[in-house]
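Chains F, X, S and H, in that order, are what the protein sequence lines are. Everything in the first sequence is counted per the working numbering, starting at 2 for the first residue and increasing by one. Everything in the second sequence is counted per the working numbering, starting at 2 for the first residue and increasing by one. Everything in the third sequence is counted per the working numbering, starting at 2 for the first residue and increasing by one. Everything in the fourth sequence is counted per the working numbering, starting at 2 for the first residue and increasing by one.
Calculated from the structure, these hints are not laboratory results. Ideal Cβ placement from N, Cα and C applies to all residues, glycine included. There may be inaccurate statements among the hints.
Claimed, not checked - Straight-line distance between alpha carbons at most 30 Å, and here's what the computed DSSO-like set of lysine-lysine pairs gives:
1) K323/S to K70/F
2) K338/H to K19/H
3) K318/F to K205/H
4) K165/H to K205/F
5) K32/S to K323/S
Claimed, not checked - Sample of chain F residues lacking proximity to chain S, with all beta carbon distances greater than 12 Å (derived):
6) R9
7) V43
8) I47
9) D52
10) D116
11) D130
12) N217
13) G326
14) E335
What the hints assert, rightly or not - Rough simulated footprint, nothing fancy, chain H against chain F, three-plus residues with beta-carbon under 8 Å:
15) 182 to 188
16) 308 to 321
4 protein chains.
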Amino acid sequence: MKNGFGIRQDGSLGRISKKRETLEPYDAFIKPLAVGLYTPDVYYAIYNSTDDLIVGHECVGEVVEVGEKVQDFKPGDRVVVPTITPDWRTTQAQDIGWAQHSGGLLDGWKLSITDDGALADIMRVTDADMNLAILPEEVSLTQGVMLADMATTGFHVVELADVKFGDSVAVIGIGGVGQQAIAAAKLSGAGQIIGVDGRDFLNKTGKEYGMTDFVNINDGPAVDQVLALTNQRGVDKVVISGGPVSVLSDAFAMVKIGGSIGSINHFGGADTIPLKISDFDEGLSHKKLIAGLTQGGRVRMERLINLVKYNRFDPGKIVTHKYKGFDNIEKAIEEVKEKQDDIIRAVIYFD
Amino acid sequence: MKNGFGIRQDGSLGRISKKRETLEPYDAFIKPLAVGLYTPDVYYAIYNSTDDLIVGHECVGEVVEVGEKVQDFKPGDRVVVPTITPDWRTTQAQDIGWAQHSGGLLDGWKLSITDDGALADIMRVTDADMNLAILPEEVSLTQGVMLADMATTGFHVVELADVKFGDSVAVIGIGGVGQQAIAAAKLSGAGQIIGVDGRDFLNKTGKEYGMTDFVNINDGPAVDQVLALTNQRGVDKVVISGGPVSVLSDAFAMVKIGGSIGSINHFGGADTIPLKISDFDEGLSHKKLIAGLTQGGRVRMERLINLVKYNRFDPGKIVTHKYKGFDNIEKAIEEVKEKQDDIIRAVIYFD
Amino acid sequence: MKNGFGIRQDGSLGRISKKRETLEPYDAFIKPLAVGLYTPDVYYAIYNSTDDLIVGHECVGEVVEVGEKVQDFKPGDRVVVPTITPDWRTTQAQDIGWAQHSGGLLDGWKLSITDDGALADIMRVTDADMNLAILPEEVSLTQGVMLADMATTGFHVVELADVKFGDSVAVIGIGGVGQQAIAAAKLSGAGQIIGVDGRDFLNKTGKEYGMTDFVNINDGPAVDQVLALTNQRGVDKVVISGGPVSVLSDAFAMVKIGGSIGSINHFGGADTIPLKISDFDEGLSHKKLIAGLTQGGRVRMERLINLVKYNRFDPGKIVTHKYKGFDNIEKAIEEVKEKQDDIIRAVIYFD
Amino acid sequence: MKNGFGIRQDGSLGRISKKRETLEPYDAFIKPLAVGLYTPDVYYAIYNSTDDLIVGHECVGEVVEVGEKVQDFKPGDRVVVPTITPDWRTTQAQDIGWAQHSGGLLDGWKLSITDDGALADIMRVTDADMNLAILPEEVSLTQGVMLADMATTGFHVVELADVKFGDSVAVIGIGGVGQQAIAAAKLSGAGQIIGVDGRDFLNKTGKEYGMTDFVNINDGPAVDQVLALTNQRGVDKVVISGGPVSVLSDAFAMVKIGGSIGSINHFGGADTIPLKISDFDEGLSHKKLIAGLTQGGRVRMERLINLVKYNRFDPGKIVTHKYKGFDNIEKAIEEVKEKQDDIIRAVIYFD
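I would like the entire structure built from these sequences, with the hints used as guidance.
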């Protein structure tokens with residue numbers, strides 16, 4: 002058996018006790034030590050099951066048991082469990098070089114969507130050798146849990162935008178992922194980094210990560226403000242890490258001719274994204290767009306872990322709220338929901 | 002003085018006699034030998050002058066005089082004059098590696114927009130050493146004139162879509178540029194090449210260039226037909242060489258997860274391009290988009306000339322209608338306008 | 002049991018009967034239908050076993066049995082078995098995007114090196130869903146067997162050299178792989194393609210594949226001849242598909258400033274490759290080099306199969322000698338060995 | 002007239018007075034304010050003239066006069082003069098995207114090779130709009146002069162090696178350029194950065210720039226030490242910023258399968274670089290190599306200036322020795338020559 006917290010068949014959120022999965026040859030069982038916390042609406046938004054489902058998709062834990070084919074991990078190892086734990090044996094991985102869409106759109110993201118997640122006393126991870134990464138002593142639990150989703154996503158969108166030495170970069174949406182994107186832009190050689198958001202309290206952490214200018218969307222159109230900060234030339238690259246559907250056209254409007262836009266934004270809440278022909282320069286200006294879910298898996302985590310180990314950045318700065326104890330999950334989630342005015346990210350610790 | 006045909010200050014189309022430009026040190030004067038012909042609406046669409054302006058933007062000609070700083074061309078040389086003759090000394094070229102937008106969006110395209118074009122007894126080309134290319138004996142006038150715009154544009158969009166060995170490719174719009182895009186896709190290693198258009202008469206030439214399947218948009222939604230031809234998987238790459246604003250969303254819908262879309266389409270006739278969130282997979286599927294005007298200049302032309310010289314493809318197949326003589330310009334343009342049901346491209350010869 | 006032909010523990014070449022492998026869940030058993038033949042020295046060169054080992058590493062066959070986890074193949078399917086059948090669940094594949102070196106240098110190449118090969122009445126292929134590809138009706142056995150190694154290798158080296166529209170390309174070594182590299186260069190948009198070899202009889206097939214010039218190394222230094230054919234400018238790209246260690250320096254000498262060299266050559270027979278500082282321009286000229294073994298696996302084969310299916314090229318042109326019947330293996334290999342003056346590639350058929 | 006210091010026709014080093022160049026339309030005259038200093042052997046090594054030639058190839062100065070076609074600079078502007086001031090109107094720039102080899106190998110580097118350099122009361126720069134960059138207030142003279150050659154070269158080699166998030170990088174040679182390469186590797190997202198050199202005093206500055214490990218080549222073979230620091234796996238990328246010809250083979254030996262090597266080293270002092278076949282893995286392991294001179298020009302300088310302006314790194318840390326006054330050039334050069342045991346870079350100031 003296992004015990005956790007999640008979405009129940011009747012649609013309510015609460016405690017769940019269910020049968021533990023069978024340990025298949027490549028699987029591992031993990032005891033979660035620190036788990037990222039979200040508001041209920043996030044859990045409902047990604048939930049795609051007809052069963053009781055334990056939620057929680059950012060985790061650092063301890064290996065408690067491994068399948069017979071697992072070679073590189075053993076009970077007692079502390080590991081980062083990435084949000085995206087794909088199947089690596091797929092022709093799509095051979096074909097496009099990504100595994101997060103392995104057998105179909107997004108199906109590399111299983112935890113808390115189709116498979117039980119991390120707000121539990123035990124969780125299963127598939128293909129442990131390909132999806133887990135050792136957490137070294139130099140990296141804290143808080144840092145590790147922020148690598149699982151926030152950092153890999155923030156770094157991915159900067160990779161998509163292809164930031165180069167000396168680039169100016171606009172980061173639209175500087176919540177948890179956007180903050181990591183600022184760090185990633187700095188570690189890609191960006192010069193000017195302009196954060197775009199409506200929440201003033203994010204300014205301070207953004208500056209600590211490397212943001213040079215803050216554009217508050219309540220002060221006027223973001224496009225105008227970004228153009229003003231770049232002598233009307235536009236930024237070299239735009240990173241979209243949040244926002245409503247209108248941010249896509251804005252991104253085209255604020256990027257220079259020949260610039261690039263990367264996005265990890267979830268464009269929802271509408272049927273159609275309106276792309277203004279003038280923002281798109283009638284399709285003639287070589288502004289590039291690539292939008293997609295972050296990769297996950299072991300090597301990705303190991304690379305990010307190395308960045309923390311060697312003091313290149315601290316992903317833990319965005320953890321503004323910390324909770325402790327399995328019994329406090331409900332209370333913590335409630336508080337997270339109420340504190341949206343000053344919270345960036347929250348973590349609960351079980352060790 | 003020079004004499005030509007173009008758009009007059011009063012907005013009418015007709016004969017123009019005007020003062021010849023001063024020959025600046027890097028300029029050349031060219032006597033046009035073969036010029037691509039368009040319908041009047043095309044000339045009006047790109048016209049951006051307040052003066053009498055000679056039109057014509059695809060040309061093979063003979064050098065008649067060169068400025069004192071021109072090193073590689075001399076009177077008597079037969080040359081291709083590309084449609085795009087940029088300024089190469091611009092920081093934008095240093096920055097983004099393209100010169101077609103040199104000092105501003107599209108300003109590498111001068112001929113028949115801001116500068117006099119090729120339907121004239123003499124034309125000026127700026128920066129001859131950087132913008133002209135010798136037409137070798139192995140390449141005909143017809144082939145040469147089709148390289149100036151049609152071929153470079155068709156090859157550019159295939160480069161933008163990044164076609165690889167074995168890719169399936171959908172080419173939306175298989176008029177003059179689309180036909181060249183089919184040839185370019187084949188010469189990029191494409192396997193299946195699906196042409197999408199509403200004009201049946203384009204099927205035959207398309208097949209000669211390497212198209213494997215023809216989707217007539219009058220037979221049902223293009224997306225459905227393309228998906229049916231690819232076992233519902235979508236094509237690896239989409240090339241947009243024509244169509245209304247709706248083709249952008251269609252392109253996202255018919256390309257596979259992780260695929261790429263290249264476009265040289267001029268998106269006009271509307272304020273907004275509606276991009277369906279479902280076609281865009283909510284921004285999560287790594288479908289890439291890059292859209293822009295072809296490059297021009299000397300090296301680009303030399304590369305395409307080599308492809309013809311070594312028999313890799315024949316850009317002249319799309320020239321379905323040929324006219325002769327400076328005096329017949331009006332008549333020829335009139336005929337081109339009337340024959341839109343069976344014409345791909347028309348050329349007028351002055352030699 | 003299975004019966005085949007290969008290298009015996011005592012070092013002799015001959016018939017081998019041995020126990021058939023156990024069929025693991027992801028494996029398939031294949032009955033070879035057509036197998037590429039080599040001279041004994043090739044088999045000895047790659048052999049890396051201490052046991053009786055069946056040789057043969059290019060194969061088209063029929064599936065006779067599949068493991069319980071195999072999803073996409075069933076008995077009766079005709080398939081291409083690529084020479085390279087890697088393990089795809091490796092961190093190296095996640096890290097560098099290649100699987101041919103999966104767990105260590107070259108270990109994606111198993112057949113006829115560490116695992117039994119295809120000159121047998123039955124062969125095992127690991128990870129069938131990831132490594133086999135259906136042979137469609139439009140593709141002959143001969144074509145299929147040439148895709149397994151020759152074509153994928155020839156196309157790989159052209160990918161490594163990064164051939165673009167209008168490039169001039171020198172192909173050093175135009176035997177089996179080099180011939181396919183010529184075809185691949187043409188299908189990458191190359192203009193001038195210069196074959197470099199000492200064997201005149203290869204000229205004819207090379208021209209059929211798209212070679213424009215043939216440089217016989219017996220007529221003088223290859224570098225001088227290639228420079229003469231390119232107005233002393235050098236070629237845009239060099240493909241090394243064969244030759245002694247000296248070809249590396251030659252490649253640097255014949256490629257232009259900023260050009261690229263791809264190599265799939267096996268540099269053996271010496272301890273050191275002498276790279277002349279003058280050929281390397283003292284390390285200052287941005288000549289790129291990348292050298293490595295071809296990828297294999299299912300998607301790669303499917304892509305090449307599509308090129309044949311859609312008539313983009315015929316890999317079978319290089320099969321100059323054909324043999325029939327399991328009993329004739331010894332005789333065929335003997336003949337292959339004797340006919341090195343006019344053979345490109347030989348295939349034996351068992352169906 | 003102008004007065005400076007350089008190599009005289011008789012081969013001696015000393016004061017030179019010569020006629021000032023004519024100011025051509027795109028030229029600018031600059032009054033040097035700070036100039037990098039080298040030992041005499043460096044000046045002799047690059048000298049390629051038959052005339053009296055003023056040396057000095059790293060400079061920040063003040064514009065004193067501009068040609069009639071210069072648009073973006075005016076007398077009084079403080080500017081960085083990059084070491085590489087190419088001709089941008091060349092077909093090579095169109096072709097390969099680099100201008101440092103514009104009309105021929107390295108001919109983008111003119112200053113102190115074929116044209117007079119910066120140790121003078123006035124210097125000419127060709128194509129000012131394309132080659133100069135404004136020095137903003139936030140950037141010191143010392144920082145500016147280090148951008149001209151050291152930083153752009155150090156950043157270039159890291160670009161060539163294609164450093165990605167989480168990479169381990171070995172930097173061979175951590176003198177002036179190598180120190181900047183360490184900073185660039187950090188700003189490209191490198192994790193572990195291993196400096197390789199024989200000079201202990203470079204350790205401290207290297208660590209400040211982001212080096213994590215120092216390998217002293219006097220302590221044993223560099224390859225063994227680097228492999229030991231990476232669990233025998235090798236580094237992801239190697240940057241060669243100095244060393245004898247043997248470092249090329251070493252670089253291949255210490256980089257992982259599928260890794261990349263960038264080099265800006267000047268490989269001299271021998272006819273041949275010995276590349277060990279075992280280090281090169283017989284040409285089968287996809288280790289990439291690209292070696293070449295840094296780019297220069299305006300946009301490059303502006304990008305690096307932005308990195309300093311936004312506090313991403315301080316190129317001035319490597320300036321260990323500072324001199325003042327035009328009259329002290331000889332004395333300063335003499336001291337630079339004597340202090341090779343503790344000097345990284347020296348600058349002389351004229352303002």
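Which numbered conditions among the earlier hints are violated in the structure presented, ordered from lowest to highest? 1 and 11
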